[in-house]
Amino acid sequence: MDLLAQSVPILLKGMAITIFLGVTSFVLGFWLGGLIALARISRFALLKALAIVYVSVFRGTPLLIQIMLVYFGLPQLGIQLSPVPSAILTFTLYSAAYLSENFRGGILAVEKGQWEAAGSMGMTYSRTLRRVVFPQALRIATPAIGNRFIALMKDTSLASVVTVVELTRVAESVGSSTFRYVEAFVVAGAVYWLINSVLSVGQELLERRMGRAYA
Amino acid sequence: MTSDDVAIHAQGLHKSFGDLEVLKSVDLTVRTGEVVVIMGPSGAGKTTLLRCLNLLEEPDAGSITVRGRTVNCAGPRHSRNRRRLIRDIRVRTAMVFQQFNLFPHMTALQNVIEGPIHVRRLPRPYAIEVGERLLARVGLTDKRDEHPARLSGGQKQRVAIARALAMEPEVILFDEPTSALDPELRAEVLQAIKNLAAHGMTMVIVTHEIAFAREVADRVVFMDKGYILEEQSPSVFFSNPANTRIRSFLRLMSDSGPHPELEEAS
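These protein sequence lines are chains A and B, in that order.
If you use the UniProt record's numbering, the first sequence corresponds to residues 1 to 215, in order.
If you use the UniProt record's numbering, the second sequence corresponds to residues 1 to 266, in order.
This is chain A alone, in the form it adopts within the complex (with noise of 0.2 Å):
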């Protein structure tokens, strides 16, 4: 036990990078996929092309597989990134095509009275997308961006692969130092679970606040 004891101090910090990859690429992605969903549902047929195949190669190929060529690849092309940036880069890109299908189905959810309520009034298209149709939208897709997020928290144990010394790696050479793989992988998995479900907890109190004025 005490091996394992004297590994809490790793394991906090490759559950803080875990965190930190977890919230950083959520973020990103959330704004990035804004602007994909806006792409999308956008009547210039170019911009839509392009986030339909950005959407369909990034939802339709293993993230494994897109952290390993952002990694390893990159630098093939003289981008050299270090492996907390490259991971980011990587979740980033990934999650912005799952949540810009979240807020498509959001905006597509809202009512089209909505928009013509907003158009009747003279309101411009982007005013109309701020003030009317993206509060709604949001709420609408609030359960489907939670889970993303909390699916995004989990795959940050890939970035172990690419020499990230996150929550899994860290369990991994714990494991690997002590022998002590049993322990070190159900710590891990329960921190992961930990994480997850204060930010279940978010989500239950986002819904309820955001769900107060249709009450």
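For the record, the hints were derived by calculation from the structure and aren't laboratory data.
Warning: the hint list may mix true and false statements.
As the list claims (entries may be wrong) - Here are the computed lysine to any residue pairs in the SDA-like style, where the Cα-Cα straight-line distance is at most 20 Å: (1) A:K112 with B:Q99; (2) A:K112 with B:F17; (3) A:K112 with A:R43; (4) A:K112 with B:E57; (5) A:K112 with B:R87; (6) B:K194 with B:Q98; (7) A:K13 with A:V23.
We have chain A; now place chain B onto it with these hints.
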């Protein structure tokens, strides 16, 4: 009639949805201060005409002039100038919808001041002052901070009327404003509209409420199958209609209220 007296002038409007020709050359002039009621069986094109007047639907042909600004429907569709012109006309022609279409994430007051602040660019404190006055005018001062989900249908529609008024439009277009309401809630909305009429507001109202139309209208426009069949003063229209189509319409309406399936009756 000088052009100053004309609030809306629509000329030669055509509109098709796919193969269905909903408007077949419609001309309509609404004078300032006039209350025009549009009646007719469902499928006659009433709602489409109304929606064309503030360009929620763009007619396939014809032109619409609001206070000297003309949109010609044959022109190029997506030019920047055209979009601006359309917005300009929409600001001047407020719309009240059958389904209210209030913004559910905003309170009653926020709904009313949204246009004044974000379209008309009025300073916020002034917009709030105006908004409160308008809510008082439709009798909803105490609902100022309620969200639409907490309002009855009649209250929602009165907020929608206040929201329309807040744009200080040349004309308000009403698309069956009481059709989605339970009978006992209709009176409060009709009363609010009558009050506007008494204040000289220019309005175009699509409705099936005969008693209301008779009382409030300066002119009744009867539409059928995409045409305007008749334009009459309400006294002549209701007591002595020239057209047999109108007579059978009125008979059906007074028999049993609104008749959605009326077009089969002809």
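Exercise. Does the structure keep B:K194 and B:Q98 at a Cα separation of 20 Å or less?
Worked result: Answer holds: B:K194 to B:Q98 is near 17 Å, not above 20 Å.
Problem set entry | Pair hint outcome, A:K112 versus A:R43 [Cα-Cα no greater than 20 Å] | holds (16 Å)
Exercise. Given the hinted pair A:K112 and B:R87, is their alpha-carbon gap at most 20 Å?
Worked result: holds (18 Å)
Exercise. When you check the alpha-carbon spacing of A:K13 and A:V23, does it fall within 20 Å?
Worked result: Roughly 15 Å separates the two Cα atoms, so the pair holds.
For this session: For the pair we were handed, A:K112 and B:E57, check the Cα-Cα distance against 20 Å.
Result: Roughly 13 Å between the alpha carbons, so the hint for A:K112 and B:E57 holds.
For this session: Please work out if A:K112 and B:Q99 have their alpha carbons no farther apart than 20 Å.
Result: holds (11 Å)
For this session: Would you mind confirming whether the straight-line C-alpha gap from A:K112 to B:F17 stays at or under 20 Å?
Result: holds (17 Å)
Checked against the numbered hints given earlier, the structure satisfies every one of them.
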